[in-house]
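Undergrad: Sequence:
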Amino acid sequence: MSPKFPALTARRGAAAVVTAALLVPLAACGNDDDDASKKDGGGKDVKLTVLAASSLTDVFATAEKAYEKEHPGTKLTISPAGSQELAAQVKQGSPADVLVTADTKTMDGLKGETGSPTVIAKNRLVIATREGNPDKVKGLKDLSNSKLKVVLADDTVPVGRYSKQVLDAQKITVKPVSKEANVRSVLSKVELGEADAGIVYKTDAATATDKVDAVEIPDDQNAVASYPAATLKGSKNGAAAAAFVKWLSTPEAQKILRDAGFQKP
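The opening residue of the sequence shown carries number 29 in our numbering; numbering runs sequentially from there.
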């Protein structure tokens with residue numbers, strides 16, 4: 029029997045070597061999983077839906093590319109609309125991860141639905157006129173001219189409330205030909221020549237310099253719009269949503285906002 033023991037020992041040694049060799053790639057796979065799990069969403073690419081005020085449409089398109097480049101595991105979908113429309117979507121339970129409105133009032137009305145908001149930018153109003161300003165609009169008082177077709181945003185929309193605020197403060201009565209659901213609709217009416225003038229955000233007028241002129245409103249007659257951003261409690265990607273909201277206050281994101289004409293928060 030004794031001659032057989034060396035052979036048995038050799039076989040056991042060989043088996044141990046094979047087992048160890050098999051364990052090496054398994055261990056490597058485990059490391060890959062560990063690395064992947066570091067991504068938000070437990071190892072899977074994360075898709076975030078960001079509900080953003082209409083006036084953020086262009087600047088968030090730029091921010092989206094910058095963020096995805098910096099965070100290759102995250103894919104953003106920007107869904108722009110009037111802030112009041114976004115609030116309605118949140119209340120109805122529409123799936124989304126982040127909300128950015130054009131005023132604090134709308135955000136405050138959703139306290140039970142959001143995390144703590146952070147103001148990421150500010151904005152001011154201007155009067156948008158047809159290209160070349162053929163009606164020679166110089167300021168808010170000119171908007172009371174009955175011969176002028178003026179379009180405003182509805183009072184339920186942040187830019188509509190801001191517009192009413194500045195007009196009331198100057199005791200100016202304007203009879204708009206229409207009241208729109210968001211600031212982009214106001215701008216579009218002027219671009220298309222369906223209105224002679226309208227009140228929009230400065231940043232919106234800046235997106236259509238080849239189609240409209242912007243008449244500045246003095247600071248002492250103007251209103252300051254604040255843009256708060258917050259995570260949505262219904263998000264299935266809480267960590268990733270919080271990361272994006274935090275990023276909006278970073279120097280890189282703030283430069284993108286400044287370049288688009290938004291003011292510091």
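There could be a bad hint or two in this list.
As the list claims (entries may be wrong) - Beta-carbon label-pair distances, calculated as ranges:
id	residue 1	residue 2	range
1	274	93	15 to 23 Å
2	89	136	26 to 34 Å
3	286	159	45 to 53 Å
4	266	90	32 to 40 Å
Don't read these hints as lab results, they were simulated from the structure. Glycine residues also receive a C-beta, built at the ideal position from the N, C-alpha and C atoms.
Undergrad: With reference to the structure, classify each hint as holding or not holding.
TA: Results of checking the hints against the structure:
In this structure the supplied range 15 to 23 Å holds for residue 274 paired with residue 93, their Cβ-Cβ distance being about 18 Å. Taken as a hint, the range 26 to 34 Å holds for the pair residue 89 and residue 136, whose Cβ atoms sit roughly 27 Å apart. For residue 286 and residue 159, the Cβ-Cβ distance of about 26 Å falls outside the hinted range of 45 to 53 Å, so the restraint is violated. Range check, residue 266 to residue 90: Cβ separation about 25 Å, and the 32 to 40 Å hint is violated.
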